[in-house]
Amino acid sequence: MRMLLVLCRLAWRYLWRNHRRTIVMLGAIAVGAWAMIFMTALTRGMVDQMVADGISVIPGHVQVHNPDYLDDPSISNRIAMTDEELTQRFGDAGFKAWASRVRVPAVITSERESRGVTLLGIDPEAEREFSFVDYDDVDGRFLESPDDNGVVIGAKLANTLETEVGKRVVLMSQDPDNEIADRGFRVVGLFHANMETYEETYAFIGKRTAQKMLRIGDTTTEIVFLGDDYRNVEPIYEKVVAAVDDTVKVSRWNEVDTYLGTMLGMMDGFMLIWVIVIFLALSFGLVNTLVMAVFERIREIGLMLALGMKPAMILGQIIIESMMLLAVGLFIGDVLAFATVKPLEGGIDISVVAKGMEMFGASSVLYPKLYLDDVILANVVVLFLGFLASLSPAWRASRYEPVEAITKVG
Amino acid sequence: MTAVRCVDICKTYRQGDQDIKALDHLNIEIETGEFVCLMSPSGGGKTTLLNAIGGLDIPDSGEVWVADKRIDQMSKGELADLRLANIGFVFQAYNLIPVLTAQENVEFVMQVQGVPAAERREKSLAILDEVGLKGLEDRRPAEMSGGQQQRVAVARAIVSRPELVLADEPTANLDSKTSDELMGLFKELNEHHNTTFIIATHDQRVMRYAKRLVRMLDGRIVDDIEQNAA
Chain A
0 MRMLLVLCRL AWRYLWRNHR RTIVMLGAIA VGAWAMIFMT ALTRGMVDQM VADGISVIPG
60 HVQVHNPDYL DDPSISNRIA MTDEELTQRF GDAGFKAWAS RVRVPAVITS ERESRGVTLL
120 GIDPEAEREF SFVDYDDVDG RFLESPDDNG VVIGAKLANT LETEVGKRVV LMSQDPDNEI
180 ADRGFRVVGL FHANMETYEE TYAFIGKRTA QKMLRIGDTT TEIVFLGDDY RNVEPIYEKV
240 VAAVDDTVKV SRWNEVDTYL GTMLGMMDGF MLIWVIVIFL ALSFGLVNTL VMAVFERIRE
300 IGLMLALGMK PAMILGQIII ESMMLLAVGL FIGDVLAFAT VKPLEGGIDI SVVAKGMEMF
360 GASSVLYPKL YLDDVILANV VVLFLGFLAS LSPAWRASRY EPVEAITKVG
Chain B
0 MTAVRCVDIC KTYRQGDQDI KALDHLNIEI ETGEFVCLMS PSGGGKTTLL NAIGGLDIPD
60 SGEVWVADKR IDQMSKGELA DLRLANIGFV FQAYNLIPVL TAQENVEFVM QVQGVPAAER
120 REKSLAILDE VGLKGLEDRR PAEMSGGQQQ RVAVARAIVS RPELVLADEP TANLDSKTSD
180 ELMGLFKELN EHHNTTFIIA THDQRVMRYA KRLVRMLDGR IVDDIEQNAA
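For the record, the sequence lines run as chains A and B.
Counted from 1, the first sequence has number 296 at position 297 by numbering that gives the first Met the number 0; the numbering is strictly sequential.
Counted from 1, the second sequence has number 155 at position 156 by numbering that gives the first Met the number 0; the numbering is strictly sequential.
Hints were generated in silico from the structure; no laboratory data involved.
By construction, the Cβ of each residue, glycine as well, lies at the ideal position given by its N, Cα and C atoms.
A hint or two may mislead.
[Unchecked claim] Stretch by stretch, here's where chain A covers chain B in the computed footprint (C-beta under 8 Å, at least three residues): (1) 17 to 31; (2) 47 to 56; (3) 96 to 102; (4) 182 to 191.
[Stated by the list, open to error] Calculated Cβ distances over 12 Å to all of chain A for the following chain B residues: (5) LEU83; (6) LEU124; (7) GLY131; (8) LEU135; (9) SER175; (10) ARG211; (11) ASP223.
[Said to hold, decoys possible] Some chain A residues near chain B, calculated using beta-carbon distances under 10 Å: (12) ARG1; (13) GLY307; (14) PHE330; (15) VAL402.
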């Protein structure tokens, strides 16, 4: 501890001996750290948005299906439990939110066009937590109850079908006996989504209306559950598994939507690579700074060795100097990153490139997200790699022979 | 008691195509409390001998004993410990740490030794006063004259009362008055604390203070006489 204080004081003083060089290097580290964290926040925001949108449209955090449903999502593969049984099992189990749905592929037909859609028979109140649709931002109205006889479709789909609120459309699917199940609906609302794909894909009707149309009694095809954090679904997964039997399959969201799950893992890896790439660029400057700092004080290093400092102390001094330089630079970079990301958390409009972004499931507004974990990761990685980068110049400094070093210059 | 013993030590440097024998089968024994001056023309081997005694340079052959320990076979760490605990150095060039103040330079060795802060401060202020640098404690080397820097270096070398002080041309950059003051200080430490001094010098004024004069030539001792010191 005593020696650490001595080395820290020496390192700090030497750091500011050539203050111009130190300031330039600090600037480089700060900008690098800022870039790492800012880019990480943008990427994290984009991924969060993609996952949140994806989860709200499809899986929730945990889903329950008939074991064959994911391979063949037809009405034949229903959950063998009635609404009443579901309410008994899950109603008072303390889930943050849960809902059961009828979800089948269907065809929607207007007087001019037909399109394939995913038909969702929902209980609007139970579904509110899961839905990407803002019930209050619907042209016309959203569904009011499970018995609602209207249909709500996306604005984009309405445009394609050349229909509008108040007009009628026909929805057609199959019943459990593989017979055509169809019914006319009046379009009661047009929803808007931040991705046009959603507007083209989904059609909402009341759950009980869907059950009647498909002749499935009061059974459903999908039960969804919401936890607190999509990154940590194990607690709710375990809870659901405990509440059901083996006639159903319980899946985490990333098992149902493997694209999103893979994307999330890939982005975590990408961020680590991004941090390392920026550090590699920084490391040239860092190593050069340390090499120069060592080179210009060979004589003083020799003197310290002659006075009784051990080589390990010289090694430690140079490493501490490097760590101090990085720590100060990182601190400045962190502050800059917080100062720039926080004001942008309300969203950055990237509609200019929104079409391209939609291709991989991102919306046209980016909401940068600064997670403490990401900031810590960037800082720890840089400090660790900086430690490795400083080993070589520090090692060389500690290997000097005192008498040669003292007579080296001057 | 023997403070330093060198037995048949040799050291050869390569300079261009030539091998220079800096120490040539040299033998010397110095008792504790002696005040020895090494004299030689430039290249005579006195600095090499000082470096060998201080463990800064390892001879090619022979034995070097300091404080009854053979040091020519010690590791770098052991040599560092020996220098820290037993030896004070005064180099020809002032060799201060430029980022530390005069007082911090003087405290440096004590700090590495683990002397408590209050004791360090007390000793460093006292020694700086003794070498005539009272009031200059907070100055960095760049803010002091050559003579002042050398006095700081001397203060650093003797502040922890080492058993052995090795000084290489300690008065080379000092005026005569300061030189006399410095030598007076060395003398006092030698007499009152029984500190052994080995000083390499060309300076006749310094030689007057020595009880023993060792003349070297081409890495050998050619004359070793005792005298009445000033």
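Right, here's what the structure says about each hint:
Figure legend: the stretch 17 to 31 of chain B, annotated as covered by chain A; annotation inconsistent (0 residues with Cβ-Cβ distances under 8 Å, at least 3 required). For the stretch 47 to 56 of chain B, the assignment as covered by chain A holds, since 4 residues bring a beta-carbon within under 8 Å of that chain's beta-carbons and 3 suffice. Interface restraint, the stretch 96 to 102 of chain B with chain A: holds (4 residues with C-beta to C-beta distance below 8 Å; minimum three). Check result for the stretch 182 to 191 of chain B against chain A: violated, 0 residues qualifying (beta carbon to beta carbon below 8 Å, three or more required).
For LEU83 of chain B, the condition that its CB be more than 12 Å from all CB atoms of chain A is violated, with the nearest at approximately 3 Å. Taking the minimum C-beta to C-beta distance to chain A, about 19 Å, the non-interface status of LEU124 of chain B holds against the 12 Å cut. With a least beta-carbon separation of about 22 Å from chain A, GLY131 of chain B lies farther than 12 Å from that chain, consistent with its non-interface assignment. Listed as a non-interface residue, LEU135 of chain B keeps its Cβ farther than 12 Å from every Cβ of chain A; the least gap is roughly 18 Å.
Non-interface call for SER175 of chain B relative to chain A: holds, since the shortest CB-CB distance, roughly 25 Å, exceeds 12 Å. Listed as a non-interface residue, ARG211 of chain B keeps its Cβ farther than 12 Å from every Cβ of chain A; the least gap is roughly 25 Å. Against the 12 Å criterion, ASP223 of chain B stays outside the reach of chain A, whose nearest CB is about 25 Å from its own CB. Hint status for ARG1 of chain A: holds, given a least beta-carbon distance of 6 Å to chain B, under 10 Å.
Because the smallest distance between the Cβ of GLY307 of chain A and any Cβ of chain B comes to about 3 Å, under 10 Å, the interface hint for this residue holds. The restraint placing PHE330 of chain A at the interface with chain B is violated, with a minimum CB-CB distance near 22 Å, outside the 10 Å limit. For VAL402 of chain A, the interface hint holds, since its Cβ comes within 10 Å of a Cβ in chain B; the closest pair sits about 4 Å apart.
Hints 1, 4, 5 and 14, counting from the list given before, are not met by this structure.
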